[in-house]
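Engineer: For reference, the chains in residue letters:
Protein chains: 2
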Amino acid sequence: MSAAGEFDLIDLIKRLTQGPSARVEVGIGDDAAVIRAGSGKQLLCSDCMVEGVHFDLTMMSPADVAYKALATCLSDIAAMGGTPIAVVLSLALPKEKANEKFVTAFCKGIEKLRADLLPVQFDFVGGDLSSSPGPIFIDVACTGETARPILRSGAKPGDQLAVSGWPGTSAAGLYGMQNWKTIKELSGALTQAHTRPLPRFDLSQKLDSETCHALIDVSDGLASEANHLAKASNVKIEIIQEKIPSHERIQALADRTNQSALDWALFGGEDYELLACFSADAQIPDGFTLIGRVLETGATGPAVTLVKPNGEKTPLGPGGFNHFAPKPPASEQI
Amino acid sequence: MSAAGEFDLIDLIKRLTQGPSARVEVGIGDDAAVIRAGSGKQLLCSDCMVEGVHFDLTMMSPADVAYKALATCLSDIAAMGGTPIAVVLSLALPKEKANEKFVTAFCKGIEKLRADLLPVQFDFVGGDLSSSPGPIFIDVACTGETARPILRSGAKPGDQLAVSGWPGTSAAGLYGMQNWKTIKELSGALTQAHTRPLPRFDLSQKLDSETCHALIDVSDGLASEANHLAKASNVKIEIIQEKIPSHERIQALADRTNQSALDWALFGGEDYELLACFSADAQIPDGFTLIGRVLETGATGPAVTLVKPNGEKTPLGPGGFNHFAPKPPASEQI
Numbered sequence: 001m002s003a004a005g006e007f008d009l010i011d012l013i014k015r016l017t018q019g020p021s022a023r024v025e026v027g028i029g030d031d032a033a034v035i036r037a038g039s040g041k042q043l044l045c046s047d048c049m050v051e052g053v054h055f056d057l058t059m060m061s062p063a064d065v066a067y068k069a070l071a072t073c074l075s076d077i078a079a080m081g082g083t084p085i086a087v088v089l090s091l092a093l094p095k096e097k098a099n100e101k102f103v104t105a106f107c108k109g110i111e112k113l114r115a116d117l118l119p120v121q122f123d124f125v126g127g128d129l130s131s132s133p134g135p136i137f138i139d140v141a142c143t144g145e146t147a148r149p150i151l152r153s154g155a156k157p158g159d160q161l162a163v164s165g166w167p168g169t170s171a172a173g174l175y176g177m178q179n180w181k182t183i184k185e186l187s188g189a190l191t192q193a194h195t196r197p198l199p200r201f202d203l204s205q206k207l208d209s210e211t212c213h214a215l216i217d218v219s220d221g222l223a224s225e226a227n228h229l230a231k232a233s234n235v236k237i238e239i240i241q242e243k244i245p246s247h248e249r250i251q252a253l254a255d256r257t258n259q260s261a262l263d264w265a266l267f268g269g270e271d272y273e274l275l276a277c278f279s280a281d282a283q284i285p286d287g288f289t290l291i292g293r294v295l296e297t298g299a300t301g302p303a304v305t306l307v308k309p310n311g312e313k314t315p316l317g318p319g320g321f322n323h324f325a326p327k328p329p330a331s332e333q334i
Numbered sequence: 001m002s003a004a005g006e007f008d009l010i011d012l013i014k015r016l017t018q019g020p021s022a023r024v025e026v027g028i029g030d031d032a033a034v035i036r037a038g039s040g041k042q043l044l045c046s047d048c049m050v051e052g053v054h055f056d057l058t059m060m061s062p063a064d065v066a067y068k069a070l071a072t073c074l075s076d077i078a079a080m081g082g083t084p085i086a087v088v089l090s091l092a093l094p095k096e097k098a099n100e101k102f103v104t105a106f107c108k109g110i111e112k113l114r115a116d117l118l119p120v121q122f123d124f125v126g127g128d129l130s131s132s133p134g135p136i137f138i139d140v141a142c143t144g145e146t147a148r149p150i151l152r153s154g155a156k157p158g159d160q161l162a163v164s165g166w167p168g169t170s171a172a173g174l175y176g177m178q179n180w181k182t183i184k185e186l187s188g189a190l191t192q193a194h195t196r197p198l199p200r201f202d203l204s205q206k207l208d209s210e211t212c213h214a215l216i217d218v219s220d221g222l223a224s225e226a227n228h229l230a231k232a233s234n235v236k237i238e239i240i241q242e243k244i245p246s247h248e249r250i251q252a253l254a255d256r257t258n259q260s261a262l263d264w265a266l267f268g269g270e271d272y273e274l275l276a277c278f279s280a281d282a283q284i285p286d287g288f289t290l291i292g293r294v295l296e297t298g299a300t301g302p303a304v305t306l307v308k309p310n311g312e313k314t315p316l317g318p319g320g321f322n323h324f325a326p327k328p329p330a331s332e333q334i
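Going line by line, the protein sequences match chains A and B. For the first sequence, the residue numbers in our numbering are 1 to 334. For the second sequence, the residue numbers in our numbering are 1 to 334.
Be aware that one or more of the hints could be misleading.
No copy is singled out in the list; a pair is fine if it fits within one copy or between any two copies.
Taking lysine to aspartate or glutamate pairs in the DMTMM-like style, the calculated list, with each CA pair at most 25 Å apart, reads [to be verified]:
1. Lys97 x Glu111
2. Lys181 x Glu96
3. Lys243 x Asp281
4. Lys101 x Asp208
5. Lys41 x Glu25
6. Lys41 x Glu185
7. Lys231 x Asp8
8. Lys236 x Asp281
9. Lys181 x Asp202
10. Lys97 x Asp56
11. Lys95 x Asp56
12. Lys101 x Asp8
13. Lys14 x Glu100
14. Lys231 x Glu25
15. Lys95 x Glu111
16. Lys236 x Asp11
17. Lys101 x Asp11
18. Lys108 x Asp8
Hints in this document: simulated from the structure, not taken from any laboratory. All values derive from a computational prediction rather than experimental measurement.
The whole structure should be built from the sequences, with the hints applied where relevant.
Structural biologist: This is how it looks when you write it as structure tokens:
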């Protein structure tokens, strides 16, 4: 497989399976599917986490793993401008983990997320439990609802591009944990961004679909998500490098370790922050930082351009995680 | 863990996580969750399949695996008396399987199931694709709808117990495939029951919740499912051994190989047939065979009793698959 293997396979799956019926408004290809139900719209999505790919129990506790597995999936509901309803969780455990101690710790992660998300609530209503001959597998599926979903495909030329929080925080936290022996000092805020990301319902639920034209969560890094937005909306996007927010904690760690905070933000992923396109005249809501703009689609040129501090423009490919290329891991929606 | 480990863990999960909110009619513990949505009721369930636990690619093709993964989950919707709406599928593949050939074959299984299920339809609307450092992992989550769900918990004393099809067919097919070298001759109907089970919407959609009081699908064998029904409904159940249907093909294979067709039916599982409780005066619908009855709950005695051909009564424990006991594999709903 080429480096594009993962997205090629998703395209292949989309091509080889029957397209959605009339009641499906959005099928394969956005953060969550949108299905017409009565007078409202139902959302459905799933996200899996595999031990040794998405997490390592030497760095994350069973509670962290449960927290993050649910958070990752719920974030897709936030990224549609939706409200979660119910969650099912499938868990395949190797025999040595199928004990009260592991399961108790795991459940604590579910309950902690529930507490952290309040006042947003979800119901944990079932799932499947299996043994695994190898790693731990977790899959979470979530339903949600929304009156007006905010899709990836709604970006319009002239829109302002904004991101919430500090993208790259999760990657900085992961780097710090992986290099703990030499770093020795690491902010808990960085590790927590990696181990216990909180879906941004606090922001998404205030978004107005009139002014917020497109929305996606940053699971694979800013570069990858900007490319997804551009492709889905058939527009071009320009990101101003100097405007990408970077918390001083991230910059300090990058400086100390000779890493690039910019690379963490662009290619790190797993932040579960929101990347949004707001109409040209809209005020950027609190919690978001303006980082670029949506341009007219030209016949040629890259989907996403990075404007460097010296004014030089460079194409910004997805570059984020790709499951079947030799790169760090994350999930990708079918 | 004791042999009861799997169900102990599910009880533990249920105890340690917050119970469902008011809008959830059925949470952890039935074939699918039931969530009030507008004037109707939404169903949600998930089922996972793990390579080396639920399937073996020397016996099942990638198309079989996809077919069965979806069928298993959809069967839970049938077992609630529901109609499927949308499916999401998460797939974790080792790198050597992440290629066009495997994914194309896999998608053919999805489309074949879709064709076989007609006129019942479902939409395949997304999911997640990941790499796996070990076995293939598949999780399917499905939503459905129903005006009046038929639960496990509705069995009433006096009810007639009936099962669809020929339970044990899947186990016979699996045994035949596992012992192919010595058997050499095997009915395709038996292997197909194991590799491509078809959810019984043809029967479930004709059931009337007035006369069909309780419903469950046979994923873990008749014995296990009868125990689930008895426990959930707080009743006792009597199964008449001689009435358990066994197709001549199954009996012939059992005779030839010195196996027990009865054990296949009671403990084999993965049939995805329906086990139903009908009111005492109801006519048993076509496709179902009367195999026993629901008794008053006594203070003592087993939940399920098997009446042998000589009239002797013997307690019938679940005995089906338990993921953390040294037994053959299957799934169990959280």
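Engineer: Each hint: holds or not?
Structural biologist: Each hint, compared with the structure:
no., hint, verdict
1, Lys97 x Glu111, "within (20 Å within a copy, 36 Å between copies)"
2, Lys181 x Glu96, "neither (28 Å within a copy, 34 Å between copies)"
3, Lys243 x Asp281, "within (19 Å within a copy, 74 Å between copies)"
4, Lys101 x Asp208, "neither (44 Å within a copy, 44 Å between copies)"
5, Lys41 x Glu25, "both (9 Å within a copy, 20 Å between copies)"
6, Lys41 x Glu185, "neither (47 Å within a copy, 52 Å between copies)"
7, Lys231 x Asp8, "within (14 Å within a copy, 48 Å between copies)"
8, Lys236 x Asp281, "within (19 Å within a copy, 68 Å between copies)"
9, Lys181 x Asp202, "neither (36 Å within a copy, 61 Å between copies)"
10, Lys97 x Asp56, "both (14 Å within a copy, 23 Å between copies)"
11, Lys95 x Asp56, "both (17 Å within a copy, 19 Å between copies)"
12, Lys101 x Asp8, "between (40 Å within a copy, 12 Å between copies)"
13, Lys14 x Glu100, "between (40 Å within a copy, 13 Å between copies)"
14, Lys231 x Glu25, "within (18 Å within a copy, 41 Å between copies)"
15, Lys95 x Glu111, "within (24 Å within a copy, 34 Å between copies)"
16, Lys236 x Asp11, "within (21 Å within a copy, 52 Å between copies)"
17, Lys101 x Asp11, "between (41 Å within a copy, 14 Å between copies)"
18, Lys108 x Asp8, "between (37 Å within a copy, 17 Å between copies)"
Hints 2, 4, 6 and 9 from the list above are not met by this structure, while the remaining hints are.
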